[in-house]
Amino acid sequence: MSAGDMTLTDTEAEARWGTQPGGVKPRRFSPARLGIYGFLVISALFFLIPLYVMIVTSLKTMPEIRLGHLFSLPGEVTFQPWVDAWLNACTGRDCNGLHPGFLNSLKITIPSVVVSIIIASINGYALSFWRYKGANLFFGLLVFGAFVPYQVVIYPLIIAAREAGLYSTLAAIVIVHTIFGMPILTLLFRNYYASVPIELFKAGRVDGAGFWQIFFRIMVPMSVPITTVAVILQVTGIWNDFLFGVVFAGRSNWPMTVQLNNIVNTTTGVREYNVNMAATILTAAVPLAVYFISGRWFVRGIAAGAVKG
Amino acid sequence: MASVSIKKLGVSFGSLNVLRDLDLEVDQGEFIVLLGPSGCGKSTLLNAVAGLLDVDAGQVWIGGKNVTWEEPKDRGIGMVFQSYALYPRMTAEGNLTFGLRVARMPKDEIARRVDRTADLLQIKPLLGRRPAELSGGQRQRVAIGRALVRDVDVFLFDEPLSNLDAKLRTELRVELKKLHNQLNSTMIYVTHDQIEALTLADRIAVMHGGVIQQLAAPKEIYRRPVNRFVAGFVGSPAMNFLEGTLTIVDGAPAIRIGDVTTGLAGYDFAAAPVEGRAVVLGIRPEQIVLADAAAAPSQVPIDIHLIDPMGADSLLWGTVGSDTVSVRIGPDDEYTVGDTVAGHFHPDQASVFDAGTGVRL
Chain A
0 MSAGDMTLTD TEAEARWGTQ PGGVKPRRFS PARLGIYGFL VISALFFLIP
50 LYVMIVTSLK TMPEIRLGHL FSLPGEVTFQ PWVDAWLNAC TGRDCNGLHP
100 GFLNSLKITI PSVVVSIIIA SINGYALSFW RYKGANLFFG LLVFGAFVPY
150 QVVIYPLIIA AREAGLYSTL AAIVIVHTIF GMPILTLLFR NYYASVPIEL
200 FKAGRVDGAG FWQIFFRIMV PMSVPITTVA VILQVTGIWN DFLFGVVFAG
250 RSNWPMTVQL NNIVNTTTGV REYNVNMAAT ILTAAVPLAV YFISGRWFVR
300 GIAAGAVKG
Chain B
0 MASVSIKKLG VSFGSLNVLR DLDLEVDQGE FIVLLGPSGC GKSTLLNAVA
50 GLLDVDAGQV WIGGKNVTWE EPKDRGIGMV FQSYALYPRM TAEGNLTFGL
100 RVARMPKDEI ARRVDRTADL LQIKPLLGRR PAELSGGQRQ RVAIGRALVR
150 DVDVFLFDEP LSNLDAKLRT ELRVELKKLH NQLNSTMIYV THDQIEALTL
200 ADRIAVMHGG VIQQLAAPKE IYRRPVNRFV AGFVGSPAMN FLEGTLTIVD
250 GAPAIRIGDV TTGLAGYDFA AAPVEGRAVV LGIRPEQIVL ADAAAAPSQV
300 PIDIHLIDPM GADSLLWGTV GSDTVSVRIG PDDEYTVGDT VAGHFHPDQA
350 SVFDAGTGVR L
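Line order of the protein sequences matches chains A and B. All the letters of the first sequence, read from the start, carry residue numbers 0 to 308 under numbering that gives the first Met the number 0. All the letters of the second sequence, read from the start, carry residue numbers 0 to 360 under numbering that gives the first Met the number 0.
One thing to keep in mind: the hints can contain errors.
Covered, in the sense of this in silico footprint (three residues per stretch, anywhere, with C-beta under 8 angstroms from a C-beta of chain A), are these stretches of chain B [said to hold, decoys possible]: (1) 200-211; (2) 239-252.
Derived lysine to any residue pairs resembling SDA-like cross-links, with alpha carbons at most 25 angstroms apart [claimed, not checked]: (3) 218(B) x 165(B); (4) 72(B) x 214(A); (5) 106(B) x 212(A); (6) 106(B) x 209(A); (7) 72(B) x 209(A).
Honestly, the hints are just simulated from the structure, not real lab data. For every residue, glycine included, the Cβ atom is placed at its ideal position computed from N, Cα and C.
Please model the complete structure; the sequences and the hints are all you need to start from.
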């Protein structure tokens, strides 16, 4: 494909992705295919066993759990553990269940995702098209940043947050997530925009559009696939975060993951396995839902940008 | 209407000098074609005129104004790209009007211009479609419209027809020529296709290695190329080159090719021919006549290797000494492969180049 053919349009992408490979249809049952599918089914079952155990346990009553039949279906289905996990389970002294954590996670995730994607897309756009002085150095530093272990920078970040008067606030955790999302998101957007023909940018310049007009009116409308990828990466990453949440958010803003930990690791009283299981599934529900709803888009977006240099 | 003048222009990417000390004067209303192989700097020159890259030296003047450091939008130019570069998320109409909307032009004026442009290019029925729903030719029409609607004085074309198939290319080429006659605006057109260059241009600038080799009308370029590069690049099939030595026979200039000597009387030497100088004789395939011996005074023996029928005419391939030559012959002419025939030519139609420097003598 010549460079000239690279005008990026969705229907073209659609056509490319929609096309099935041609050729002779493979025989339905050959020993090799049977082996492959057999292996896949067994692997899938193996990885699904923990989920199965969690679900059945969360639907059992405590007396039934004490019988120790881990794999048996619940004799008497009860949804009380789910209600308890959401409303009544104790994290330390508070017994409000997980729902405050759910709200906190929303309050952390939504602004972090929005802010980080806005900044990263502008970064990627500027790096791809404007090639300002020092752009390569800046990009090199950003990529390097993707490989810095979190633990190394936590202490300096705590001091910085304290000095700024933001420690233990919602703002602190949002800023931290934005910073740590920046390298990979910028890389993602830069590579996506690098695959956009430079002539599109030149046409915009000739038409008199400036930095922001080219970005908002030409590039952003073309960025739906890669933005989808960025949203998925950020939502799952930030929702699943434990470390930054426990360090920076402060007790009143602790996200769902931290509260889940506190429920499960509570040391007083009886261990309510059914409530723990329900709470864990509830916490994992959001990233799971995101994957199920957008998996198709995720693959498409990754293929559209991330792997291309 | 505006003229374009490029003065001592220099552009380099890092340590690579793409253009050096380049001068070019384009009169108003003129159609100039920049012709050259890939990497000769022709697109770079166009981008410099458009203001899409920073120049390192020299100046660009458009319409009597120094625009070297002006933004592209302030130069009074419209540009058409090889890949069309239509905004994929806008309709054809959105593409046409984008620049006008950016400039905050009144709505009724925008509508008036779109109407006029769409009529001119016959793209009215396409206005509501997205680029993905247009064919290649339709896309390029819309892209041309996007330049037209800006009401500019100078149009810049960067290989606009290279992505189209042969038939469409011919159609759009003719339309572009008509458009130029209608608008009478200044046009600078970059291409590596010599047919486009020969048919469209008022003057052609043949470029090589960041330097304009020859700037002249198409006929002049074709008939009197200033050096061997221009001679070999323009014309298809390419000009035949025969290596030989200049001699003087009975006071008249002649050329010795292998063990054959043929007269060059009538050739317009720029300087008096020097006996013994190593030269290259250039003759175009259609300038060699095989049948009519009386018509042309000079002749070389050609060993026939192959006949290529091309429809309207045929090409005869053979050798003169160690050099391959092609001769355009009639489609029904009968020649036998393996025979030797005499190729006649008029020295005043041929070109003689210095073998070392390649400069026309």
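For each hint, the structure was consulted:
1. 200-211: violated (count 0)
2. 239-252: violated (count 0)
3. 218(B) x 165(B): holds (23 angstroms)
4. 72(B) x 214(A): holds (17 angstroms)
5. 106(B) x 212(A): holds (19 angstroms)
6. 106(B) x 209(A): holds (21 angstroms)
7. 72(B) x 209(A): Since the Cα atoms of residue 72(B) and residue 209(A) sit roughly 10 angstroms apart, the hinted pair holds (cutoff 25 angstroms).
Violation of the numbered hints given earlier is confined to hints 1 and 2; the remaining hints are satisfied by the structure.
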